[in-house]
Amino acid sequence: MVTRAAQVTLMSVLLAGLMITGCAKRPATTAASAAAPAPAPSAPAPAPAPSAVAPPASAPAPGASAATATPRPAPKEFMAVAALKEVYFDFDKYDIRAEDAKTLDANAAWLKSNGDNLVLIEGHADERGTNEYNLALGERRAKSTMNYLVSQGIQANRITIISYGEERPVCTEKTEACWAKNRRAAFLVKPR
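Here the sequence shown stands for residues 298 to 489, where the numbers follow my numbering.
By construction, these hints were calculated from the structure, which means they are not laboratory data.
Since this is a predicted model, take the numbers as computed values, not measurements.
You may find that some hints are simply not true.
[Stated by the list, open to error] Here are the in silico distance ranges between beta carbons for each label pair: (1) Val378 x Lys471: 13 to 21 Å; (2) Cys468 x Ala371: 24 to 32 Å; (3) Thr427 x Pro372: 43 to 51 Å; (4) Asp392 x Pro488: 54 to 62 Å; (5) Asp387 x Arg489: 30 to 38 Å.
For every residue, glycine included, the Cβ atom is placed at its ideal position computed from N, Cα and C.
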């Protein structure tokens with residue numbers, strides 16, 4: 298038979314575990330780090346894949362020494378620019394749609410002509426789905442947006458991505474038209 302003290306201890310341990318793990322309300326941040334472009338080789342080399350979730354800004358990146366690691370800029374250091382337009386996604390998708398590819402082409406042209414700016418791509422989702430799922434979906438949307446820009450000649454080392462999942466909606470109505478506005482990738486810039 299389990300004593301009352303053992304029950305209280307067990308409940309305390311379970312409660313402490315829940316408090317420690319918490320829920321996934323913090324945005325997932327990823328830094329895109331790629332080597333600077335080298336002169337064109339005679340045979341095309343495969344492009345490096347974007348990195349997974351980056352370490353905190355105070356820790357050096359894996360494989361980098363503390364002296365060469367540069368801290369990632371904080372999202373609050375970035376600002377919106379009217380020339381960079383948001384792109385939108387279908388429900389539960391992260392593929393770039395044809396009409397949004399044109400928007401990204403215009404964004405890439407602006408970024409090329411403003412090479413002294415770093416860019417932060419924010420991935421967002423609508424409210425349907427769990428917090429964890431929407432954070433992951435927002436990250437995939439930001440990564441596919443980043444990959445498109447890199448394919449258009451924007452250096453990956455200028456790009457940082459972050460996912461807010463469902464946490465920063467632009468519309469709060471419970472309609473498909475409203476949810477469609479929340480499924481987006483938004484752009485912010487910061488001078489180097």
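Evaluated hints:
In this structure, valine 378 and lysine 471 break the distance hint of 13 to 21 Å, their C-beta atoms being roughly 31 Å apart. At roughly 27 Å, the beta-carbon separation of cysteine 468 and alanine 371 lies within the given 24 to 32 Å, and the hint holds. About 23 Å separates the C-beta atoms of threonine 427 and proline 372, a value inconsistent with the hinted range of 43 to 51 Å. Checked against the hint of 54 to 62 Å, the C-beta distance between aspartate 392 and proline 488 comes to roughly 32 Å, which is inconsistent with it.
Between aspartate 387 and arginine 489 the beta carbons are some 34 Å apart, a value that agrees with the proposed interval 30 to 38 Å.
Of the hints listed earlier, those the structure fails to meet are numbers 1, 3, 4, in rising order.
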